[in-house]
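*Asks:* What follows is the residue order along each chain.
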Amino acid sequence: MTLVQSGPVRAPAVPRPLVRRNDYSVLEPPPLGEWEPELSVSVVVPAYGGQEKLDLTLASMAAQSYPGDLTEVVVVDDGSDPALRLPPIRPEHTRIVPSLPGGWARGHAVNSGAAASEADVLLFFDADMIAFREHVEAQMRWHHLADYLAVTGHLRCVDYAPGALDPARVLDAVRRGEPEALAEGPGEELEWLRRAYKRMNGLRSAGHKAFHFFIGGSGSVRREFFEESGGADSDLVLGEDTHLGYRFAQNGAVFVPESETSSWHLGLPQMESRKEEGARFRRPFVGTRLPLIGSGRTLPGRQWQVPRVEAVVDATGARFDEVAATVDALLTGEVCDLRVQLVGEWWRVTPGRHAVLDDPAVHVRLLHEHYRCEPRVEFVQDEPAPDPDVPFRLLITPGQALAPHGVRRMIAQADATNAGLVRATAPGDDLGGPRLERAAAFARARRLGATEDDLDAVVDEVFGVHWLDGESALFTPEKPVEEPPRDWRARLARAEALAESHRARAEGLKSRFRWLTGSRVGRLLCRTIGRG
Amino acid sequence: MIETLLTGALRAHGAGTALVGHMGEGSAAAVEGVAKEAGVRALDLGPGRPAAAGGADRAVDLAVLVAATTADLRAAVPLSGGLPSASGVAIAVLEAAPRPSPPLPSPPGLGQWTGLLSSRTRRLPDRGWWWEFSFTDPVETGEVLAAVARGLVGGRRSPAPPPLPSASDRSADDLSWRRLGAPGTVNRTAGYPRPSVGDVPAVDERVVNPMGFTRVSKAAVGQLVSCDGRWVLLVGGKVRWRVPEDGAVSDAVVAGLRDLRAVRVEWGRHSGPVAAVRTVANLAAAGVPLVGARPPVWARPLGEELHDLLAWSREEELADELLREEHSVRLRRAALRLHGRYARWYGSGPGAPPEPSVSVVLCTRRPEMVGFALRQVVRQRGVDVQAVLALHGFGTDAPGVAEAVAAYRARGRELVVWEPDPAMVLGSVLNGAIARASGTLVAKMDDDDWYGPDHLSDLVLARRYSGADLVGSATEYYHLEQLDLTLRRTIHSERFVRHVTGAGMLTDRTVLEEVGGFRPMGLGEDNALLDDLRDAGGSIYRTHGLGCVIRRRRSGHTWHEDSGYFLRGTQRQWHGWRPSALLESDSADVPGPVPGTNTSDTTTFGSRR
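Sequences listed follow chains A and B, in order.
Take 1 as the starting number for the first sequence in our numbering and just add one per residue.
Take 533 as the starting number for the second sequence in our numbering and just add one per residue.
If you are wondering where the hints come from, they were derived from the structure by calculation, not from laboratory data.
No residue lacks a Cβ here, since even glycine has one placed at the ideal position from N, Cα and C.
Some hints could be false.
[What the hints assert, rightly or not] One-sided and incomplete, this derived list gives chain B residues near chain A with beta-carbon spacing under 8 Å: (1) Thr-536; (2) Arg-543; (3) Ser-619; (4) Ser-845.
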């Protein structure tokens, strides 16, 4: 396809085709080298030491097919000692900036680079990689098709010995389109990523899980989208790329792996060579911020920085018993990893003498006292805006008390059906049951222009709405798993003995049958008996 | 095993004279030993063979008949008239698909078997069956064969169509590639002998049919490929089935293919064009989802509809279980209507029996639904339909009713309008409506549900191939008005069941007479009918459910369940109005304010999407 866009070059129309879940098949990127780019790109290269590899990275950036006047490269020096410097072979618009004060590590450097640049698209590229000639172009063509894509560049790990390559050679090989000349062998793909792409048809069928496969080495996103998503978490030292992918997902992103071209990663990434230690390090740090990954979240009773569910209960004008039934059911349910936003007229809780049982605000007072010391309940005056970091939002009417498994079941249904909204009927009220909203789906729907009136309909188009029967699926407690009988061991032994005796009998019958049909005497006997 | 039984029978009957016959591919070897021992030559009793059996006036001590498959046995029945009588008869089928009830022979009704001494039915290994009879005096062998054949497929008595003469008096053998390629075949004046639909042996729908079709399949796709000039069905590189020379398909073969997602036909060489077409027509009639390239010119006897279905099929779509089943239903309809034995018989011109006509009984308490309900009836095609409309509690003077009736009659269809006493209960109203109906078959439809144009003709087909006393559609599809949601529930279909819903049932008028019609009840009259039918030993069959959608109204329905009731269990759901393509939804009858704008699909269980 060719890009036909009107208007001034620096203000391209923002394309927003509807992509359902992560199936980006509706986007048809033009073939490499056969289109007219319009968007500018800031290549952000976070670096800490490693001047030699950085020189090679910048040399490869100088050989890109993407127009030089649409490209700027910002190297973020994350406090290297000695400070990094720009080598002679580098793209025309290349700057080096220090990390912003007050932080360190990759996530912080990424944010610093974004803040120091201003092009339409941000492309993050590690300082120990060599980009192939079309690497930037290949990613950029996607951003011309939609403004809510997170594109991941391809990489292969190759052995690297210091001093083996020099920038001039890299520039030449990349420019000629022969990056193979720079490495021995085809290099190694990240095996888990390759398998995931294959299993999920290039992430098209990855659904809500697509963000798991966003990696930091090479990836790009529109600047506005990056800023709306909140950027990287500066407090994260490892795993900040997965967390950044999560934030993109929460903001409605579609994840596109760009595998038509590739790049060399010089040496094995640390995360590959010291896998277990890396995983252990990430578990608490990423785990507390990202409720959808990791096994730690299954610990009963634990709480974390970001809960899995934010429940909103509107207690305005409602009776104490009804609200307490609903909220207590949530707090004591199987999913403890939740926060309750209790909406009500809390200003009516005043100090000083007041009527006791006849106080008009008695239910407000009772509720306030009931949850005053419960850290998971927040008193709010109005329905709060959704917390962008929390993946699920649950809306439930006072008086409806979920069974202990209720929230778990709703999340499981949302995940099993890849739905953006799970709704349930309530007994006697088809439309009044609880609803569980997936933040990622609602963010996508709003981006695509949904108003509050047609939000559910657009969510249905982008992710799907799934209905449950509230009474049987959510409000009725699950049957407890039946205990095995006390004497199971004896019963098993008896059954096994019986089976063995049947087997022996069958063997006996078989051999008798063989004798009767297979031997002359046997057949004679058969005939004699048959006549008789 | 079979040899032992055969020689055992020969000896047990002290047979001095014997007749040994076999039919179907692979059956000759089974009778070789017994023929030798009896000192006679084994006769091939299959179709197209000379019936040199010696005449019906002769009698033998023992007749031994071995059929390879159920279809072979049934095909031999009309050809067995010339066989000698016998006082002992042993019959075997080497392979038959499992059926819900055992194949007990069903004896003739004129006292022919009063001399029966003993009768025995036993199972053979490898899904075969064996029957042995002794009589005091010789009886007609053909009659015994017919009794076994009836028992083997079970179900309602149905007329046995005569073997139709092949359109051009050519057998499949005459049209093998070998013969066609022989010198002198191409006549200068007549040209190449182009086979026609009539050359293809008809499908015995009581044997090869959609019974046993499953919604769930594995991902495996079979390939029908040519291997040394003969078709074989490969699954995962292994031969699952070798297609016989004559292209015949048996019920056991079909039962062995139900796990496949599809069968890809790769139009290679088989023994002859007619045999190849026969295979494909049989598989299609069984509802095996067939895909493949555009069929070659020589496959024209498939008929245009099957030809197009194969040419336009898309294998990758069949991963979706709904699209797979839709494709299967289209294939079976096309094949059964063109190649089915009954369909050919009904269409064979003067002298053929009339196809049974269908009366629809429609009972409504709501004048506003009359127009909608009659539109569902008037769109029925492929069957001769008469309708009885019972207006329960209002008259033709109610608003809109007269117009709806006139619109229906304007389409040239017969309609009886009846205004029963409003005090009558629903069961009695239905009985009254049935009494006013003229069709051989009676179908019940609800006033607020949607029906596809093939709803009735699918039920008629299901009745024909299942032999059941009552057939019904699976009620899988629901539209919940309150939630604006279309649901497809998991209901097992294409099988004998205890229960079908009243919204789409069809039965014979005579069956209703036998069980005493509907009970005079205001609610639950459908279930009572099914109870009565089961008590009388009748059978109930449930066919596919793609051709109807049950409406769950916002209010005023006879049901008392909340919408949530329908959301239980495994299902697939879509926002908005999303019936199966087979419903051929009419835009005039689409529910809700904004029809068809939503296309979401969330699946709880079922096929992987």
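*Asks:* Now tell me, hint by hint, if it's right for this structure.
*Replies:* Outcome of the hint check:
For B/Thr-536, the shortest C-beta to C-beta distance to chain A is roughly 6 Å, which falls under 8 Å, so the interface hint holds. Interface hint at B/Arg-543: satisfied, since its Cβ lies 6 Å from the closest Cβ of chain A, which is below the 8 Å cut-off. Proximity of B/Ser-619 to chain A is violated relative to the hint, the smallest CB-CB distance being about 17 Å (cut-off 8 Å). Interface restraint check: B/Ser-845 against chain A, minimum CB-CB distance 22 Å, threshold 8 Å, status violated.
Of the numbered hints stated above, those contradicted by the structure are hints 3, 4, listed in ascending order.
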